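Required output: the full structure, derived from the provided sequences and hints.
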Amino acid sequence: MSLLTLSTLSLLILLNLSLTLPSNAVKPTSPSVTPAAACKSSIYPKLCRSILSPITKSPPSNNNPYEYGRFSVKQCLKQARRTSDILNKLLSKGRSTLRHVDASGALDDCRQLNADDERAGPDLK
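Count along the sequence shown starting at 1, add 10, and that's the number in my numbering.
Just so you know, the hints here were simulated from the structure itself, not pulled from any lab data.
Owing to the predicted nature of the structure, the values given are computational and were not obtained by experimental measurement.
Be aware that one or more of the hints could be misleading.
[As the list claims (entries may be wrong)] Each computed SDA-like pair below joins lysine to any residue, with the alpha-carbon atoms no more than 25 angstroms apart:
(1) Lys-50 - Ser-60
(2) Lys-88 - Val-43
(3) Lys-84 - Ile-65
(4) Lys-84 - Lys-103
(5) Lys-88 - Asp-118
(6) Lys-56 - Tyr-76
(7) Lys-88 - Ser-102
(8) Lys-88 - Pro-45
(9) Lys-56 - Pro-75
(10) Lys-88 - Ser-52
(11) Lys-88 - Cys-120
(12) Lys-56 - Gly-79
(13) Lys-99 - Asp-119
(14) Lys-88 - Ser-60
(15) Lys-50 - Asn-73
Given below as structure tokens:
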């Protein structure tokens with residue numbers, strides 16, 4: 011699976027999780043939920059579990075859907091930044107190192123789309 015596809019799917023999971031979270035900024039006090047249980051409502055449960063798997067190694071203070079959502083957003087933004095860095099490195103080497111003009115244009119399109127994704131969530135650090 012390409013980095014862009016993974017980044018896009020991660021953002022879809024984020025949107026799915028965000029729909030189940032309350033819209034106010036106050037942290038809800040909900041019972042603890044395991045990452046596997048939280049991912050059951052996702053349309054991509056396997057990807058959701060892979061994103062939330064680091065939580066099982068170092069759990070946050072509250073294992074609730076709100077914290078999982080925040081963690082997922084941070085993980086997806088981190089992946090988007092990595093993808094952006096890789097695309098920028100490939101494009102900075104010059105178009106002559108790429109075999110086809112189409113490949114260079116496709117990478118540039120991916121970089122622009124990824125930049126749009128990064129701007130969508132700058133307040134989630």
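Now the hints, each set against the structure:
1. Lys-50 - Ser-60: Since the Cα atoms of Lys-50 and Ser-60 sit roughly 13 angstroms apart, the hinted pair holds (cutoff 25 angstroms).
2. Lys-88 - Val-43: holds, 24 angstroms
3. Lys-84 - Ile-65: holds, 12 angstroms
4. Lys-84 - Lys-103: violated, 29 angstroms
5. Lys-88 - Asp-118: holds, 20 angstroms
6. Lys-56 - Tyr-76: Distance ~19 angstroms between Lys-56 and Tyr-76 Cα, so the pair holds.
7. Lys-88 - Ser-102: holds, 21 angstroms
8. Lys-88 - Pro-45: holds, 19 angstroms
9. Lys-56 - Pro-75: Given that 25 angstroms is the threshold and the Cα spacing comes to 17 angstroms, the pair holds.
10. Lys-88 - Ser-52: Given that 25 angstroms is the threshold and the Cα spacing comes to 20 angstroms, the pair holds.
11. Lys-88 - Cys-120: holds, 16 angstroms
12. Lys-56 - Gly-79: This hinted pair holds, its Cα atoms lying about 16 angstroms apart.
13. Lys-99 - Asp-119: holds, 14 angstroms
14. Lys-88 - Ser-60: holds, 14 angstroms
15. Lys-50 - Asn-73: Holds, at roughly 15 angstroms.
Of the numbered hints stated above, the single one contradicted by the structure is hint 4.
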